[in-house]
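A.B. asks: Chain by chain, the residues:
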Amino acid sequence: MNTPNYRRTQTQSRAPTSMQINPIPAAPSELGEHGQVEISIDGQQAKVPYGTTILDAARSIGIRIPTLCHHPDLCVAGVCRICVVEVAGQRNLQASCAYPITAPLQIQTHTRSVRTARRHILDLMLTNHYGECYACWRNRNCELQTLAEEYGVDWFRFGHVKEPIYAIDASSHAVVRDMNKCILCRRCVRTCIDLQEVGALEAIRRGADTVISTFADKPLGEVVCIGCGQCINRCPTGALQANDPTDEVWEAIDNPRKHVVVQTAPSPRAAIGECFGQAPGKALTGELNTALHFCGFDRVFDTNFAADLTIMEEATELLIRLRKALVDGENVALPQFTSCSPGWVKFLEHFYPEMIPHLSSAKSPQQMFGTIIKTYYAKVHGLDPSDVVTVALMPCSAKKFECNRPEMVDSGYKDVDFGLTTREMAAMIKEAGIDLPAMKPSGFDDPFGTATGSGVVFGATGGVMEAALRTAIELVTGDKVERLFQHADITPVRGMEGVRYAEVTIDRVGPVPELLRKHFTSFDFLLGQTLKVGIAHGTANAKKVVQDIKDGGKFASCHFIEFMACPGGCLGGGGQPIPTSPEIRAARAKAIYAEDRHAAVRKSHENPDVLKMYREFLTDGPCGEQAHHLLHTHYTPRGKFIV
Amino acid sequence: MSTKPQDILLGVDVPIDAGLQRAAGGPTQAIIDEVRASGLRGRGGAGFPTATKWQLAKDATGEAKFVVCNADEGEPGTFKDRVLLTERADLVFEGMALAGRAIGASQGIVYLRGEYRYLRAHLESVLSARRDRRVLGTAILGIPGFDFDIEIHMGAGAYVCGEETALIESLEGHRGEPRNRPPFPVNTGFFGQPTIVNNVETLALAARIVHRGGAWFAGFGTPASRGYKLFSVSGDCEKPGVYELPMGIKVMELLELVGGLHAKAVQVGGASGRCISRAEFDRSLCFEDLATGGAIMVIGPGRDMLRVAKNFLEFFVEESCGQCTPCRAGNVALLEGIELLIAGRCSMAHLHELKSLGETMRLTAKCGLGQSSPQAFLSIVEQFSDEVLGQQPRA
Chain Y
2 MNTPNYRRTQ
12 TQSRAPTSMQ
22 INPIPAAPSE
32 LGEHGQVEIS
42 IDGQQAKVPY
52 GTTILDAARS
62 IGIRIPTLCH
72 HPDLCVAGVC
82 RICVVEVAGQ
92 RNLQASCAYP
102 ITAPLQIQTH
112 TRSVRTARRH
122 ILDLMLTNHY
132 GECYACWRNR
142 NCELQTLAEE
152 YGVDWFRFGH
162 VKEPIYAIDA
172 SSHAVVRDMN
182 KCILCRRCVR
192 TCIDLQEVGA
202 LEAIRRGADT
212 VISTFADKPL
222 GEVVCIGCGQ
232 CINRCPTGAL
242 QANDPTDEVW
252 EAIDNPRKHV
262 VVQTAPSPRA
272 AIGECFGQAP
282 GKALTGELNT
292 ALHFCGFDRV
302 FDTNFAADLT
312 IMEEATELLI
322 RLRKALVDGE
332 NVALPQFTSC
342 SPGWVKFLEH
352 FYPEMIPHLS
362 SAKSPQQMFG
372 TIIKTYYAKV
382 HGLDPSDVVT
392 VALMPCSAKK
402 FECNRPEMVD
412 SGYKDVDFGL
422 TTREMAAMIK
432 EAGIDLPAMK
442 PSGFDDPFGT
452 ATGSGVVFGA
462 TGGVMEAALR
472 TAIELVTGDK
482 VERLFQHADI
492 TPVRGMEGVR
502 YAEVTIDRVG
512 PVPELLRKHF
522 TSFDFLLGQT
532 LKVGIAHGTA
542 NAKKVVQDIK
552 DGGKFASCHF
562 IEFMACPGGC
572 LGGGGQPIPT
582 SPEIRAARAK
592 AIYAEDRHAA
602 VRKSHENPDV
612 LKMYREFLTD
622 GPCGEQAHHL
632 LHTHYTPRGK
642 FIV
Chain C
247 MSTKPQDILL
257 GVDVPIDAGL
267 QRAAGGPTQA
277 IIDEVRASGL
287 RGRGGAGFPT
297 ATKWQLAKDA
307 TGEAKFVVCN
317 ADEGEPGTFK
327 DRVLLTERAD
337 LVFEGMALAG
347 RAIGASQGIV
357 YLRGEYRYLR
367 AHLESVLSAR
377 RDRRVLGTAI
387 LGIPGFDFDI
397 EIHMGAGAYV
407 CGEETALIES
417 LEGHRGEPRN
427 RPPFPVNTGF
437 FGQPTIVNNV
447 ETLALAARIV
457 HRGGAWFAGF
467 GTPASRGYKL
477 FSVSGDCEKP
487 GVYELPMGIK
497 VMELLELVGG
507 LHAKAVQVGG
517 ASGRCISRAE
527 FDRSLCFEDL
537 ATGGAIMVIG
547 PGRDMLRVAK
557 NFLEFFVEES
567 CGQCTPCRAG
577 NVALLEGIEL
587 LIAGRCSMAH
597 LHELKSLGET
607 MRLTAKCGLG
617 QSSPQAFLSI
627 VEQFSDEVLG
637 QQPRA
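Protein chains in written order, with the numbering used here: chain Y, 2 to 644; chain C, 247 to 641.
Don't read these hints as lab results, they were simulated from the structure.
30 Å max Cα-Cα, derived DSBU-like pairs, lysine-lysine:
(1) Y:Lys163 to C:Lys556
(2) C:Lys485 to C:Lys510
(3) C:Lys601 to Y:Lys163
Source: prediction; values computed, not measured.
Based on the provided sequences and hints, a complete structural model is requested.
C.D. replies: This is the structure in structure tokens:
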């Protein structure tokens, strides 16, 4: 057909139009400048902006309408129909989430037919929802369960599936799918295509046979899934779950021969309280340390130490690339891309394998730490590395994939044995009978007890960039970063905007620090240069930036770009407590920046333990030969084609 | 009632392109006004006033506008569009060109039912001949700026793609699933542009109306359902086939015509329609009484009404797109209910609950398919309660 050149302009979403609210015609002029429409909901009068959905209008005046397929991060599917309301003059009930108000309406939210309909819809969902609540990991944190309780579901009026129909797909290290619990709200589908623009999931077949599946019904581990786990965070039921190694971790803890070491990332600390009934935004770092010792971990280390190490390696790598480009005239891949988000790395490997040279070869903090523990730490403490078990507490499901990458064995062993999500660790702590918020705080264990604020901010989008800039600026200018940014808060790179851009002009250069003399004789080549950086979080935004680079746009002239697979960065990771929303992520970010603000040391290159590491172990410095062997990695072009 | 004209759709003297000749050169609004005067309502079954739809699309703004002919005729028991496409394709295309002229579209698309693939070559040759005659393509009839061409897009067998927004979704290359409304396709349709989706018969009638004038057409039928309508008659009758009859004809009159007076029930409107018993045979086939897209299934005295209902529900269980809960899972619940009734093991309480569920489906499903899917069930358990409840319990 020669017609479809009319690209949808009003909406950017790649989700099918059936899963969106269509663009509405412009507001008629008689509504006035602000385009307000008068409505009444349950007798309450209100004026709402033209185009507001009934659901949002109701919420704005404090009227609650139940929802299930609706999610604040996603486009509107309007498929579950639980949010139906009565609109005066209309034959049918209307889905309030998908109904934009363009004319005065009289709405009623809980008439008899509405209540009956909602109860019926829940009854219908339960006909196909296999399993018992008490045998489900989402027990007491399940939207279907909550609504069933609210609407007084007391028996299965239209029956209840007695045997599972679908095999559980545990092929992916990151995400396990149990479609027997799926209620087909399609949040996962929309998360994958609308929020992340990956598109690994879609509904297949029709009618009663409809099921969410992958390309050609392949196991999730074999398709373009990047393992970000955002679908898990948005699933209203227990149909999606991270691949949970808790049993193996307990087994290691219970084995007296094993020395079990856990590292904790900054984001889980800022969010794990939510699993214990706390409001989002309160970090429980010290409490968690105590709890993990109680659980039986032999050592509790701070991933931030490895984050500082990552910054040293990644910033040095960037400076080397810049030297090669500006001095040696070599054709190096710039901008350099961060590589600490394993979901992002897999995204690039699948969708832009030709861009892999841009990825920093530095491992992520999790993997660097695993390697260091099984080499340096084991050696110093006289431990047999084969008896050391490394566990990583991460906000992430893709970290499970990352630690299982076949090349992640530079220590001679599997560098990180198990990745646990925030949710899984919370469950372990509960199982150990611990009330986390009531724990007495304690510090991290040595020899990696010192971490910096730079490591902490890794948890928020823009954090890696901020940490890298603090270090790069000071290493290059030989001067305090506070000269340029008050309190060393590099605010231009902070925030929640999906794509961000910032510039820093290098107005002076200092002598090359001893640590870097192997690579540089002088930094004069950087004098007067403007360092251009970019930030993108959520792979849909990442895609925009990569595409812009390919098209020779603004980001092509950048030197360094931070990419995070998850919206909000790690604090919004696929292993974080459920639910998630922009507000919850903002609260977690606040907790993270507060921790940075109060850190004794705030710059990676000032971390005494990191400096000690370069003195005693990685003696040829950042990006030296030893560092290269242990702290750097390579990537796999995967492409989109599935065999 | 006046006698049937010989130049309506299936008449013997139907001129081709007479409407186009008459109206193409005039003001575009005059086309819509003529259709409005005729009182024509959509012949797919929903009965939306055609002129209103066209006017909304004409007044909407967009980079381009589209005329889509819904030839996905998938309703069980409907085959009138197939006859029109076979014998009156020119009239359909003429109607599309007039619609395009009226709303300002230069592209028409025929969404052709997958099972009608065999018609494609014929339709292409008609289109090609029309281009040769300068009644399709650029500068139609030599009128500068009157550009309109038609392409054929094949459906692939999904019943739901007869629903206009699912049809558009399918046209765009997506899984055929209905969209959220409002806004409607007249504002945001094919690729977000103003789009009208009209049934094959509606478009063909529009061509005749523009030729003969709205008043001529409005002279037939009933006050709210003007004109003639094609009926696809099938089932237990002597003379099944496509009949062109005035709107408002009584079921009894139609049954007499087709040799089906012995019928025990008539399913009006196909699987998504309602089933009526003998007691209602004096009702009229028109929008104000028994609205229908034209499918009339005559059900003879030997038929088991529970099997009839089961057959329809099996259809919906399979043909629901699977998107919204009420339709996807509701039809399964109703089918299981029917199976309980057949086995004589459905309690009155459960039957009551099933009826209430049917009402919920009608009120809450995302599209017309789901909203109308419980109709057959509801009307059968209502009209034939003795038979439905009189089953001997079986294990």
